[in-house]
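Here's the letter readout for the chains.
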Amino acid sequence: MSDQLAAATVVGLDEHYRLHVNGTDHDVRDAWVGESLLYVLRERLGLTGSKGACEQGECGSCSVLVDGELVCSCLVMAASAIGQPILTIEGIAPVGSPSDVQQAFVDAGAVQCGFCTPGLIMATHNLLERSPDPDVVEIREELSGNVCRCTGYGRIIDAVQRVSIARRAEAAE
Amino acid sequence: MSITAGERTRFGRLGDSITRPDGGAKVQGTFAFSSDLGADNALWGATLRSPHPYARIVSIDVSPAYRISGVEAIITAEDVPGELTYGLISQDQPVFASEFVRFVGEPIAAVAADHPETCRRALEAIIVVYEVLEPLTDPERAIDGSHPPIHPDGNVIRHQRIVCGDVDATGAVVVEGNYEIGMQDQAFLGLEAALATPDPGGAGIDLHVATQWLHEDQKQIAACLGLPVDSIRLTLGGVGGAFGAREDISLQVHTCLLALRTGRPVRIHYSRAESFLGHVHRHPARIWMRHHATADGRIVKVEARMVFDGGAYASTSSAVLINGITHTQGPYKCANAIVDGYAVRTNNLPCGAMRGFGVVQACFAHESQMDKLAVACGIDPIELRLLNAMEIGDKLITGQIIENVAPVARCIRETAALPLPDEPVGGHDGNVMRLPGGAGRTADSGHIRRGIGFAVSIKNLMYSEGFDDYSTARCRLADGIATLKFATSEVGQGFVTIAGQIARSVLGVDDVVLDPIDTGVGSAGSTSASRQTWMSGGAVNAACHKVRGLMFDAVASSHGLDASDLSIEGADIVDSVGVFRISVAEATAGLAFDETVEYRHTPTEDLDENGQGNCHTAFAFVAHRAVVDVDPELGLVKVIQIATAQDVGRALNPLSVRGQIEGGIAQGLGLAVMEEIIMTNGRVRNASFTDYLLPTFLDMPDVVISLIEEPDPIAPLGAKGVGEPPTISSTPAIVAAIRDAIGRPIDRVPVRPTDIVALV
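Residue numbers (the numbering used here), protein chains in the order written: chain A, 1 to 173; chain B, 1001 to 1760.
No lab work stands behind these hints, which were simulated from the structure alone.
By construction, the Cβ of each residue, glycine as well, lies at the ideal position given by its N, Cα and C atoms.
Any given hint could turn out to be false.
[Claimed, not checked] Covered stretches of chain B (in silico footprint by chain A; criterion: 3 or more residues with CB under 8 Å from a CB of chain A, positions within the stretch not fixed):
id	region
1	1031-1041
2	1189-1201
3	1648-1658
4	1685-1693
[Said to hold, decoys possible] Partner residues are not named here, just some residues of chain A that face chain B (Cβ under 7 Å, in silico):
id	residue
5	W32
6	P98
7	S144
8	C150
[Unchecked claim] Which residues of chain A face chain B? A few of them, derived with a C-beta cut under 8 Å, are:
id	residue
9	Y17
10	T48
11	Q56
12	E58
13	E90
14	V95
15	Q102
16	P134
17	V137
18	R140
19	V147
20	R149
Construct the entire structure; sequences and hints are all you get.
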């Protein structure tokens, strides 16, 4: 590679924009335009709860909601999420006050290493909002975009069912 | 990370299914994995890797990369101040390749820069000139000597025979087969990640890293950096799964070198594609096996030849080989054997530890053989296994006697007795999602065939062959609060949960604080070989007992009692008469007890030239039954149910044991029907989660479990490690079920559609 070419490949860290994450506006400054939403959330906004594990949208570890839609944040350019509400695992519940889904994952033994867990929590909240009473086949189908390597999924299905049953019981009261 | 398990109840003792102390942080996204760690002024590091499986490096020119703005350092082999090579057993792997590259992905240089994208561009700018050489990719050519040595240590990493009993013995029935096991990836989700922070002046370094064995990393890093071991301080960064792939050095030395060179914190995160190249895998293996049996099905002799492809560097290949060949007979009586085993060096990806460690490969062969033997003898496969089931007092083909606990027949009977799924093909509701291939790719349900298969295994626990295997734990007790310190890698398996349970049970406390997991205490050994419940559990247990002894002495002396009359009841100290009672919190108010203990298991021996010796210390047993639905025209498989009875010794946390069993079976299922790193002439063709298929929610069936609790008297808590057995015989059980469904032989895993439809 010639010197000229090398000089021309300097990273352009000069983008400025604003993202609306978990109800708050965040300024993103001096960014490279090629950064994924996952990278910006983690490295620029310090929201490290969303995890990167495949960078191809295959494993769901980076799942967040953009304008209410469940997406793999590794596949979304950060700059393309400007002006849309973004919800991450940090926005699900205050620290120390877990949501029903989060608590069910702990109680059911659905967490081992925990790396897939934030993505699965996002996907489960999203599923139960759309379909409050899913059967096992529906749970498996709906969550099949989230890979877990530790648990074999059995306890996760149990956790989802626990929430579904508890919410139904609560609604009946 | 400091974890406080603070519930004020008596719950949380050994045997209780308490939840993880780190669970709250993990579900809320606040648990700090190694990839979540940053530091002010930190740089990003990245690694330049070989594109060739085998080549001579003619020249490396890093100067163009230095001209890229934001690049702070570029290092190669010339910049390694200490040992130029590392390795777990033999130090044969270069920190950076300098003369030759021996596999696709071998590190050649590393850069530190201000942004990952700058790193990527810098790596692209480095000019390496190669003289490409013909790679050695066929393990048989490593054995027969037809390819020149690709490494100064030669192409055979280890050759070991086992010769036992009458090698000329024969039986009325003889069955044999050639079996092939593909290369499996551990595919943990948390990619390799580390943060290295140098001391001012560079005299030492702090490294946060996701690893299975902090002290072994520390030793190898110190040697390569040329620094004293104590100057390398390691802290466990949160580990996103391991399964064997974090036992070897990957990015540790590179991250430290870049940090010392730049004087700034450096982070390296591997990508998924890089991770496939950057850690060792499960050895692909080829196994020939022949069984001789009496006409009524009793095994007379086993013969085998096993070849494990270790790839370019030794890693733990020699130990994997020994595990493979010493488990040739499986959990069955066998008086005579002749086994020949090789672990060889090739220009394929390096292989080493993965859950099951050599026994997975042996088990696929011996269980396939047992089914062939059952057919040849006209005996039911389960009856044949019961007929030959190993018992206490039996001698292994290594001459070692099985002692204490061997519930093989019980594993088989209890597995067979578990309920079969009552669902018809496609389920009662006819939902196509229940069919092989799901909604999109399936023939109608009338074509689906169901099959049932069975498999059983034996797995050694802890380290073998004379290794000085120990774990260290420290317990402090003050004001009713126990604080535990250990360097045991928590990789998701839940040692942090049972450590607290042990302390609560032994000391009668409710509050247990876990200190950060780091090298500030002695080694815990590796989180591998199903060893931490036994080893670090044993160390925590012993440290807590020592502290309890001191506490009893103090209580006895201040209350005029005999310490030997005292015991723990709930959260109180009581005497044997039942008159005296004081709470632990009250008894320890203003006092502090502090003990550190090293726990060792029974010593083991090397094997002699005939493969004889007490090389293992303990064993666990398990049986699996698989039910599958197969679409024989499309070659699709859906596993419907796995049933298993596992010898766990004692379930210290039944929920946690269940998690290990279900998760281990998922990895066994992966090897059975989908997971394989495919290599062509030394090049990897599927280094991504798009192309390397992992079991999803839709692939993993319900698991029905029976825990067999026969406490092992030599285990400190009666409990055996439970992580590996689920992965071992689940694979052959699924393959047996597929054979049952289609009525044709299958001798390799993973089973591909073409193996089922026989187009190839």
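Right, here's what the structure says about each hint:
Requiring three or more residues with a Cβ within less than 8 Å of a Cβ of chain A, the coverage given for the region 1031-1041 of chain B holds, as 6 such residues are present. For the region 1189-1201 of chain B, the proposed coverage by chain A is satisfied: 3 residues have a C-beta within less than 8 Å of a C-beta in that chain, meeting the threshold of three. Residues of the region 1648-1658 of chain B lying with their CB closer than 8 Å to a CB of chain A number 3, which satisfies the three-residue condition for coverage. Using a Cβ-Cβ cut-off of 8 Å, 3 residues of the region 1685-1693 of chain B lie near chain A, which meets the minimum of three, so the contact claim holds.
Taken as an interface hint, W32/A checks out: its beta carbon lies about 6 Å from the nearest beta carbon of chain B, inside 7 Å. Annotation: P98/A was flagged as interfacial toward chain B, and the flag holds, the nearest CB pair being 6 Å apart, inside 7 Å. Of the supplied interface hints, the one on S144/A holds, with its beta-carbon coming within about 4 Å of a beta-carbon of chain B, less than 7 Å. Restraint check, C150/A versus chain B: the minimum CB separation of about 5 Å is within 7 Å; hint holds.
This hint is violated: Y17/A has a C-beta 17 Å from the nearest C-beta of chain B, more than the 8 Å allowed. With 8 Å as the threshold, the beta carbon of T48/A comes within range of chain B, its nearest partner Cβ sitting at about 4 Å, so the hint holds. Hint on Q56/A holds. Least Cβ distance to chain B is approximately 5 Å, under the 8 Å limit. At a threshold of 8 Å, the smallest CB-CB gap from E58/A to chain B is about 4 Å, leaving the interface hint in force.
This hint holds: E90/A has a C-beta 6 Å from the nearest C-beta of chain B, less than the 8 Å allowed. Checking V95/A against chain B by beta carbon gives a least distance of about 6 Å; that is within 8 Å, so the hint holds. At about 4 Å, the closest approach between the beta carbon of Q102/A and any beta carbon in chain B falls short of 8 Å, and the interface hint on this residue holds. Taking 8 Å as the C-beta contact cut-off toward chain B, the hint placing P134/A at the interface is violated, the least distance being around 12 Å.
Contact between V137/A and chain B, as hinted, is supported at the beta carbon level, the nearest pair being about 5 Å apart and thus within 8 Å. Proximity of R140/A to chain B holds as hinted, the smallest CB-CB distance being about 4 Å (cut-off 8 Å). Evaluation of the V147/A hint against chain B yields a held restraint, the C-beta minimum of about 5 Å falling below 8 Å. With a cut of 8 Å, the hint placing R149/A at the interface with chain B holds, because the nearest CB-to-CB distance is about 5 Å.
Hints 9 and 16 from the list above are not met by this structure, while the remaining hints are.
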